[in-house]
Structure formats: structure tokens, C-alpha cells
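Student: Here are the chains, one letter per residue:
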Amino acid sequence: MIHCFYISACLGLIIFQTTVMPNLPLLDRFYDLLLPFVIYVGASRPVRESLIFVLFVGFLMDSLSGSPFGVYLTTYLWLLIGVEFISKFLRLGNRLLLALLVLGGVIIENIIFIGIWGLLGSGVQYPSEVTKRFVIQLLAAIGTGPFLLWALSNGQKRVEKWQTAVFAQRDKPGT
Amino acid sequence: MALILGLAALITVNLIVLSFATRSYSPLGMGRVAISFVAPFQKLITRSMRFAREVWEHYFFLVAVSQENQRLKKSLSQAVEKNNHLREIELSNLRLRSLLNFQQSTPKRVLAAEVIGKDPSTWFNTVIIDKGEAEGLRKGLAVVMSEGIVGQVIETSAHYSKVMLIIDRNSAVDALIQRTRARGVIKGGATDQCYLEYALRKHDIEIGDTVISSGLDGVYPKGLRIGRVSDIIRRNSAIFQAVTVAPFVDFETLEEVLVILDPPKHEFETEQ
Chain S
1 MIHCFYISAC LGLIIFQTTV MPNLPLLDRF YDLLLPFVIY VGASRPVRES LIFVLFVGFL
61 MDSLSGSPFG VYLTTYLWLL IGVEFISKFL RLGNRLLLAL LVLGGVIIEN IIFIGIWGLL
121 GSGVQYPSEV TKRFVIQLLA AIGTGPFLLW ALSNGQKRVE KWQTAVFAQR DKPGT
Chain X
1 MALILGLAAL ITVNLIVLSF ATRSYSPLGM GRVAISFVAP FQKLITRSMR FAREVWEHYF
61 FLVAVSQENQ RLKKSLSQAV EKNNHLREIE LSNLRLRSLL NFQQSTPKRV LAAEVIGKDP
121 STWFNTVIID KGEAEGLRKG LAVVMSEGIV GQVIETSAHY SKVMLIIDRN SAVDALIQRT
181 RARGVIKGGA TDQCYLEYAL RKHDIEIGDT VISSGLDGVY PKGLRIGRVS DIIRRNSAIF
241 QAVTVAPFVD FETLEEVLVI LDPPKHEFET EQ
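Chains S and X, in that order, are what the protein sequence lines are. Mind the numbering: the first sequence is residues 1 to 175 in the working numbering, read in order. Mind the numbering: the second sequence is residues 1 to 272 in the working numbering, read in order.
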């Protein structure tokens, strides 16, 4: 059941990011909403499970994007490695730390994308535009990253609660 | 020590894989599965949003529509007059083309498609459309609108396709300045603008000039509108001039597009 929740959450975020967000004036330059998802999965599930989810999400995003295949997979895998590494030393339940991780994810992703532009041999015609986009994404990540993490955590709790209630009812004697 | 070495090896492998991936856009075929999986949901959400917006625009803004109707009627009468003039030019053009032994220009087969999803990344510009191989689409077909060129199909699945827009960094369109026939290649960039690259410094290009496709790239038919020159920088030491082009198509509000099913052919008949 909980895996269904994770798959629905990541699909919902991908669809929201590719259909709703580009049509809303303030959200069209938003950061990648799958970054908080990857951090959340990395922080709340065992490594093997998180790895499967991260590969799934990375594959979907790479397939839907016009970027060279593997850019999203790279970003998410490094982010997961970072989350797993940090979780060995710090307790990831801290909201401030999770918010900082989202910020770190946005920085890693943008660095990788700018690096890919460099590999494409394109250079950057408007550094000011790129910087502006980068800053907007960072500010948006600070503002909404913790909220998104809270929503995911809350959603998972509700699903778990509902699952427990359903199974308790089923196991009740006489039913 | 082993951890550092392992990390360094991982980074190296990652960089090598990414550098190979950036050499060319060659989907492994697995992307088709992902597009087929996600696109139906995208279509559902996009259609619901459009329906809600249409209801809002059609029923709550009738006053503005009435004013717009008056303005459109006026511009229509001007357009009819201009159309008549252009019809005369077209007829004389046809006569001259037959005199010069040009191939008969046949109307191109086009297919209307709806944009159902946009690129998840803000660094690349692609869209997903609701037509695919089953409707005759294939990689490399040109996608246009009445305003001008939109892009080209880069990946197809059974009922959906991915289109790279001309404002994408990987896009290239062989182009001409309509007024002076100066040539260059239209490429995308960081903003919603395009850049006319390889335009020689000696060529006469002015701000406001219209840029059209040359037809030489084998993707876009000749004469399709691309955009208007919005900025020019001529450096004394450079061979080429830096030309910025504002596309005619508004990519922010892209909803329906036309896919040209016949790729461009050679303009001249072969000598018998």
C-alpha cells in the first residue's frame, strides 16, 4: 500500500510539473518538485527501496524531458547518496535539515544542468538570466520545500493509518 | 581512503556516461514506454484545465468579446483586401514558376495535434503532443503554427510524440533573412529568444527583419516564418554578427500545433 502511495505521489508531482505549473505565471520557473520527493524517500525508506524509486523517477523524468538521457538519473542518484551519507551522522527528522537538503538538491541539479550545457558546447548567452532562474529556484525551494516534505509525510501517515484501520477491521473476529 | 577512491571512480564513470549521452539525442526506445505511461494522465489534466479556462473566458468575458468583435471585423475587411492583392501575386508567381520549370508546389499534408505536456526541466524546451506513430508521425517531422515554426518531432510512441521547440538549446533551423536572403542557423538559448548564428558580418541585417526557413536543413519547408530580428551586435574583430531573433510563436501559450507530414523535397524538377 505504501508503495502505491509513493508511486502515486511521484506520478502526481510529475504530471503537476508538466501540465499545471507551466501554465501558472509564478510557477513556470519553479524548481524540480521531484527533489523533495527523492529526499523524502531517501530519508524514510531503506536504501534498496529508495534506489528503486529513484531509478523509476529518474527514468520517467529523463524520458519526458528534452535533456540528454541520464541527467535526471544522475541528479537523483547523487542526491540519494548525499541523503544516505548525511543520515549516518545526523537525524533526518529535523525539518530545517530537510529544508537545507532540498536547497542542496536544487543547487546540485542546477550545477549538473549548467554543466550539461557546457558539455553541449553551447555556453550561456545570458548569464544574468541563468542567475535569475537559479535564484528564483533557490528562493522557491526555501519557501516551499519544507511544506512539500510535510505534505508527503502527512500523506504517508494518513495512508498508513487507513491501512491499519482496514486490516484491523478485516482481522476483527466475526467479520 | 577506499570511500574517496570509490567516489572519485563513480564521479568519473558518471561524467563519461553523461558526456556520451550529450553527443547526440538518441533515445534508447525505453522513453516511448514512459511517454505512453505518463501522457494519458497529462492529456486528462490539460483538457480539464482548458475546459475550465474556456468556460471562464466564454461566459464571463462577453463584454470584452463584443469590443474585440468590432476590432476583428475592421481588421478582417483589411485582410480581405490584402488577400485579394496576394491572390493576384500568387497567380503571377505560379505563371512565372511554370516558365522557370519549377516543380508544382503541392499543398502539404498537415495533422493537427494538441499540446498535452511541457518539459519538466526549465533548462530544456520540449512538449508532448497527443499524436504518434498510429497517426503517421515519425522522428524529424516539422511542427508549425499559423504564426511560424514551432519545432520538430524528436521521439514518438504509439499515440504521443515529443517535440523539440526551436527555442531549445539543441535545436537548429537553417534560416534566411527574408529581405536580403542572408543565411544563418537559428539556435535556441537560455531565454525564450533564438539566435541567428553564422550570419556573416558583411551581410545586411537590420532590427525588425523577418527570418524565414531556408528549406536546406531537410526538416522545415522553405519560407516558413520563424521570427523577427530584435537585436544585433557587430564586433569589429568577429567574422559573424550576433543576431537575436524573437520568435513569432508564443511558446508560453502553445496549445495546438500542426505537424507537416510531408518532409520538404527538392524545389527543382530534375532535368530530363
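Among the hints, a few may not be true.
[What the hints assert, rightly or not] Below, a sample of chain S positions facing chain X; criterion: calculated Cβ distance under 10 Å:
# : residue
1 : Ser87
2 : Gly104
3 : Trp162
4 : Gln163
5 : Thr164
6 : Ala168
[Unchecked claim] Simulated coverage check for chain S against chain X, where a stretch passes if three residues somewhere in it have a Cβ under 8 Å from a Cβ of chain X:
# : segment
7 : 18 to 31
8 : 55 to 63
Since the hints were made in silico from the structure, they are not lab data. For clarity, every value in this text was computed on a predicted model and none was experimentally measured. For each residue, glycine too, the CB sits at the ideal point set by N, CA and C.
Student: For the hint on S/Trp162, does the least C-beta distance to chain X fall short of 10 Å?
Tutor: At about 23 Å, which exceeds the 10 Å cut-off, the nearest Cβ of chain X leaves the hint on S/Trp162 violated.
Student: Is the coverage entry for the segment 55 to 63 of chain S by chain X consistent with the three-residue Cβ rule at 8 Å?
Tutor: holds (count 5)
Student: Does S/Gly104 pass the interface check with chain X, least Cβ-Cβ distance below 10 Å?
Tutor: Given a least distance of 16 Å, the restraint on S/Gly104 is violated.
Student: Going by Cβ atoms only, is S/Ser87 closer than 10 Å to chain X?
Tutor: Violated: closest Cβ of chain X sits about 16 Å from S/Ser87, beyond 10 Å.
Student: Does the interface hint hold: is S/Ala168 within less than 10 Å of chain X, judged Cβ to Cβ?
Tutor: At 33 Å from the nearest chain X Cβ, S/Ala168 fails the 10 Å test, so the hint is violated.
Student: Any CB of chain X closer than 10 Å to the CB of S/Thr164?
Tutor: violated (29 Å)
Student: Can the hint on S/Gln163 be confirmed by a CB-to-CB distance to chain X that is less than 10 Å?
Tutor: violated (24 Å)
Student: Taking 8 Å as the Cβ threshold, is the statement that the segment 18 to 31 of chain S is covered by chain X upheld or broken by the three-residue rule?
Tutor: holds (count 8)
Violated hints, in rising order: 1, 2, 3, 4, 5, 6; the structure is consistent with all others.
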